[in-house]
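Engineer: Those protein sequence lines, which keep their order, are chains Y and B.
With my numbering, the residue at position 94 of the first sequence is 94, and numbering never jumps.
Throughout, my numbering is defined as the position within the second sequence, counted from one, plus 265.
Simulated from the structure, these hints should not be mistaken for laboratory data.
The reader is advised that the hints may include incorrect statements.
[Unchecked claim] Dumping the calculated DSBU-like pairs for lysine-lysine here, alpha-carbon to alpha-carbon at most 35 Å:
id : chain 1 : residue 1 : chain 2 : residue 2
1  : Y       : Lys174    : B       : Lys607
2  : Y       : Lys174    : Y       : Lys3
3  : B       : Lys607    : Y       : Lys168
4  : Y       : Lys174    : Y       : Lys199
5  : B       : Lys607    : B       : Lys467
6  : B       : Lys288    : B       : Lys467
7  : Y       : Lys199    : Y       : Lys168
8  : Y       : Lys3      : Y       : Lys199
9  : Y       : Lys168    : B       : Lys467
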Amino acid sequence: MIKIDHVSKSYDGGATKAVRDLSLEIRSGEIFGLLGPNGAGKSTLLNMLAGVLAPSSGTIELDGVNVATDPLAAKRNLCYVSDSPDHLLRLKGHEFLRFIADVYEVPDAVRGPRIEELAREYGMEGELDNQIQSYSHGMRQKMMIMGALLPDPAVWILDEPMTGLDPKASWLLKQSMRRHADAGKTVLFSTHVLDVAEKVVDRVGVIAHGELLFVGTVDEMREHFKSNGSLEEMFLELTSENSPFAQAIEPAGEKDDEPVAPEAQ
Amino acid sequence: MARAAAQDFSWRQFKVMLRVVIKGEQHLDDTGMGLGDDGVIKRRGLLSSLGSGARKVAMGFLFLLVAAMFFMMGYMLGEVGVTPYLAFSLCVVALVGLTVLTGLYQAVNILYFVRDLGYYLTLPISATTIMWAKLAHFLGMSLLGDLILLPVALGCLLSVGAAPGTWVAVTAAFALAAVAVNLALVIVCVPLMRFSRLAHDKDLFSRVFGGLIIVLALAIGVGSQFAFRGDGLASLASGAGGLLSGGVPAVVVGVLCPPSLLARPVVEGDALAALGGLLGMLASVALYAVILSVVARRWYFEGVQALQGAGGKRGRRVEGAELTQATRTRGSFAANLSRDWKMMVRVPVFFNQFVLSSLLMPLYFIVIIVVSGVVGVSQAADAGMDPAALLEMARSLTALLTFDSPALAWCAVGVLFFGLFLGFSSYSFTMGVSRDGEDFFFLRGLPMNWSAYLAAKFVSPFALSTVPMLVLFVAAIVLLGVPAAAGAYLVAFYLGATVSLGLLSLGLGARFPRLTWDNEAQLVKGGGATLMVFAGLLVGVVVMALPALALLAGVLWNVLAIPAALGLALAIFAVECAALAWWVFGPTAASLARIER
Numbered sequence: 001m002i003k004i005d006h007v008s009k010s011y012d013g014g015a016t017k018a019v020r021d022l023s024l025e026i027r028s029g030e031i032f033g034l035l036g037p038n039g040a041g042k043s044t045l046l047n048m049l050a051g052v053l054a055p056s057s058g059t060i061e062l063d064g065v066n067v068a069t070d071p072l073a074a075k076r077n078l079c080y081v082s083d084s085p086d087h088l089l090r091l092k093g094h095e096f097l098r099f100i101a102d103v104y105e106v107p108d109a110v111r112g113p114r115i116e117e118l119a120r121e122y123g124m125e126g127e128l129d130n131q132i133q134s135y136s137h138g139m140r141q142k143m144m145i146m147g148a149l150l151p152d153p154a155v156w157i158l159d160e161p162m163t164g165l166d167p168k169a170s171w172l173l174k175q176s177m178r179r180h181a182d183a184g185k186t187v188l189f190s191t192h193v194l195d196v197a198e199k200v201v202d203r204v205g206v207i208a209h210g211e212l213l214f215v216g217t218v219d220e221m222r223e224h225f226k227s228n229g230s231l232e233e234m235f236l237e238l239t240s241e242n243s244p245f246a247q248a249i250e251p252a253g254e255k256d257d258e259p260v261a262p263e264a265q
Numbered sequence: 266m267a268r269a270a271a272q273d274f275s276w277r278q279f280k281v282m283l284r285v286v287i288k289g290e291q292h293l294d295d296t297g298m299g300l301g302d303d304g305v306i307k308r309r310g311l312l313s314s315l316g317s318g319a320r321k322v323a324m325g326f327l328f329l330l331v332a333a334m335f336f337m338m339g340y341m342l343g344e345v346g347v348t349p350y351l352a353f354s355l356c357v358v359a360l361v362g363l364t365v366l367t368g369l370y371q372a373v374n375i376l377y378f379v380r381d382l383g384y385y386l387t388l389p390i391s392a393t394t395i396m397w398a399k400l401a402h403f404l405g406m407s408l409l410g411d412l413i414l415l416p417v418a419l420g421c422l423l424s425v426g427a428a429p430g431t432w433v434a435v436t437a438a439f440a441l442a443a444v445a446v447n448l449a450l451v452i453v454c455v456p457l458m459r460f461s462r463l464a465h466d467k468d469l470f471s472r473v474f475g476g477l478i479i480v481l482a483l484a485i486g487v488g489s490q491f492a493f494r495g496d497g498l499a500s501l502a503s504g505a506g507g508l509l510s511g512g513v514p515a516v517v518v519g520v521l522c523p524p525s526l527l528a529r530p531v532v533e534g535d536a537l538a539a540l541g542g543l544l545g546m547l548a549s550v551a552l553y554a555v556i557l558s559v560v561a562r563r564w565y566f567e568g569v570q571a572l573q574g575a576g577g578k579r580g581r582r583v584e585g586a587e588l589t590q591a592t593r594t595r596g597s598f599a600a601n602l603s604r605d606w607k608m609m610v611r612v613p614v615f616f617n618q619f620v621l622s623s624l625l626m627p628l629y630f631i632v633i634i635v636v637s638g639v640v641g642v643s644q645a646a647d648a649g650m651d652p653a654a655l656l657e658m659a660r661s662l663t664a665l666l667t668f669d670s671p672a673l674a675w676c677a678v679g680v681l682f683f684g685l686f687l688g689f690s691s692y693s694f695t696m697g698v699s700r701d702g703e704d705f706f707f708l709r710g711l712p713m714n715w716s717a718y719l720a721a722k723f724v725s726p727f728a729l730s731t732v733p734m735l736v737l738f739v740a741a742i743v744l745l746g747v748p749a750a751a752g753a754y755l756v757a758f759y760l761g762a763t764v765s766l767g768l769l770s771l772g773l774g775a776r777f778p779r780l781t782w783d784n785e786a787q788l789v790k791g792g793g794a795t796l797m798v799f800a801g802l803l804v805g806v807v808v809m810a811l812p813a814l815a816l817l818a819g820v821l822w823n824v825l826a827i828p829a830a831l832g833l834a835l836a837i838f839a840v841e842c843a844a845l846a847w848w849v850f851g852p853t854a855a856s857l858a859r860i861e862r
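Here chain Y stands alone, though its shape is the one from the complex (with noise of 0.2 Å):
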């Protein structure tokens, strides 16, 4: 479970709010669609949950444990696939996941036949041998989902897995997903694209702005909005100009909402 209690996130002394505010709960058993215009501060939540970023306040639990005072057991009980996968690239591809299983203390009865099944799912297996910065984008970001997948911990948050990733792939981390989630386990992930967030999720989030405009299922949505329309219209809709929630925004810094949502209010 993620437990995100009022946080914000500034930069600058204050000048610049990433985040504002924003408390949210995601359950064990759930799999969890952030969504948002570019700069809407996903990326930003994501890295504060993963610990990459601390909060200006607030506070964030997974499964309990609070990321800012036990950083590295939250750490344990998670993996991160950040949205750009082009990391530790002279290390071959082996060698990447050896890394990974070595600081998730990975056993070694478990992480041979780990490896084997995810090189072979997502067809890398011929890749190992070769530096990942020979990696095409796509297989990449295989490569940092096969990392994040290995440890194979509770929580699992996932910045824009699905860029760059070929349809077999996609198809399979959709699977993994559904598969962690129906194992009783978390996660969370970011996207742009709605067809995906509309077929694999439980529940969305839309965030704009950094405030968390709206928190339910795709049916609450469309309740909400009394609208048989796709996600994608609801979303433009939601974040729009013109979009009530968006007008209770004010300029960066100058006011904090509390998240409009049907669970607030």
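Here the structure of chain Y is known, so what remains is to put chain B in place on it, guided by the hints.
Structural biologist: Below, chain B without anything else, positioned relative to chain Y:
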């Protein structure tokens, strides 16, 4: 013909491209003197502005200092009877030599290995125009660096009281020579990049040039030990003049730098001859520019295309037992050490800077010792002395190194000075964390053991810079027959100095890491990096100060008995090492877990 026409030069597009190259690209400070923009994202704030300004002032000062040294060298040449022509020849030969060894690599990097090139080529701009825009910028920046050699000739002119017109002519001639040699290199570089497989492997290409530069540094370092003695400077200038006076060397230098062939009338002739010489130099530069245009129109675009299509080596398929073996469990320290070592060795810039350069110092000492030994033995034999008897004499002296002898304390002071000298290489420790760049933030998302991370960052440079010197040091102690106890003391003292220097440098680098670079060269080249190297000396002073005071209290001021001074100095190092280890692997390691973008 259609292809050639498509690659024609356009003056209008050239101006647009040059503006973009100057303002839009992140530059690597091509002068290497910190006078350009090193591409680091500028942050707001008074402190940052002051830091940037101070860096430029410091590097400008350093540039002027080196220029002043060269000027004095030129003045001394004039004093010992070297003519301005010979001094100018020395400048040109040095310019050609340095440009051939480093300029080709720089030119290839600027013209081919740049990220934006692929984008430029999608625009409706001819490749020749793109090349000239990039080259013009490169020439402007490298000229600034080349000018550092000119004061040798100017100093000589001052010494012989040359007329102001000669000063102008020599300056103009040197500038033309610098442009010509750079153009000549690019004329070589374009077909090389089109047809050579070596050049298509950027990593291999970088390593080969890194190796060449190391050999050059070694040759210059060792050569200067013998050249800069007695009348060595004058003979060096005379030799440079000889290179330009005829024969194959003159042809080679003349092809690489045609203005060098017209240097004599410019420097020594009357006004008319000087003007004629300068016009001839200008014509040769223009001719090279035309040749380069033709060559570039034919092969530059094709070379860039060939490079874009060049792929890396493919590995084997690893599976089953082999994969299990390759991914077996390691501890945090071993995992971090392996990762760090592989990244350092596989990134050519890091390999050249931190691996090859670290190995340079022991190599340098070995070569110096061997050459000096051979020369010394030869001279001793000429003087009718037995070399074995000389060694025995040295051993009888080292046998006096006991704990109550001032000689041992002075040896320890020598070790301290050597440790201070090693401050130059402490830069490898300081850059340990910064080397990770954006990867650091990937590691931040993992459950990292930051103490193990820093321990790994300590071991790599320590193994490269300190251990080979330690082996040499022990070998010298054994060869010279230093008593075991005194030898062990000196080794422990050396380790205390190097470990504490390494730990402090590593800790400072971890506290103030530079992680926002786009390209490895930004980190290890340019003004900021040069300053870091000199800052290493200051770090060395901080670490060595107290043990030095303890030793001097014994041998110079007689405040302490010699054994007490020796013991106190070593004890201070032990305390420093322990305190620094606690600071680095404790609070500093913890601080890494809080670093944000």
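Engineer: With reference to the structure, classify each hint as holding or not holding.
Structural biologist: Results for each hint:
Distance restraint check for lysine 174 (chain Y) and lysine 607 (chain B): the Cα-Cα separation of roughly 34 Å lies within the 35 Å cut-off, and the hinted pair is therefore satisfied. With a CA separation close to 23 Å, the supplied pair lysine 174 (chain Y) and lysine 3 (chain Y) stays within the 35 Å bound. Restraint check for lysine 607 (chain B) and lysine 168 (chain Y): the C-alpha separation of about 32 Å stays at or below 35 Å, so the hint holds. For the given pair, lysine 174 (chain Y) sits about 9 Å from lysine 199 (chain Y) by alpha-carbon distance, which is consistent with the 35 Å threshold.
About 17 Å separates the Cα atoms of lysine 607 (chain B) and lysine 467 (chain B), which keeps this hinted pair within 35 Å; it holds. For a cut-off of 35 Å, the pair hint linking lysine 288 (chain B) to lysine 467 (chain B) stands: about 26 Å separates their Cα positions. A C-alpha spacing of about 16 Å is found between lysine 199 (chain Y) and lysine 168 (chain Y), which places the hinted pair at or below 35 Å, so the restraint holds. The hinted pair formed by lysine 3 (chain Y) and lysine 199 (chain Y) meets the criterion: a straight-line CA distance of about 24 Å does not exceed 35 Å.
Taking the CA atoms of lysine 168 (chain Y) and lysine 467 (chain B), the gap is about 33 Å. The hint holds against a cut of 35 Å.
Of the numbered hints listed earlier, not one is contradicted by the structure.
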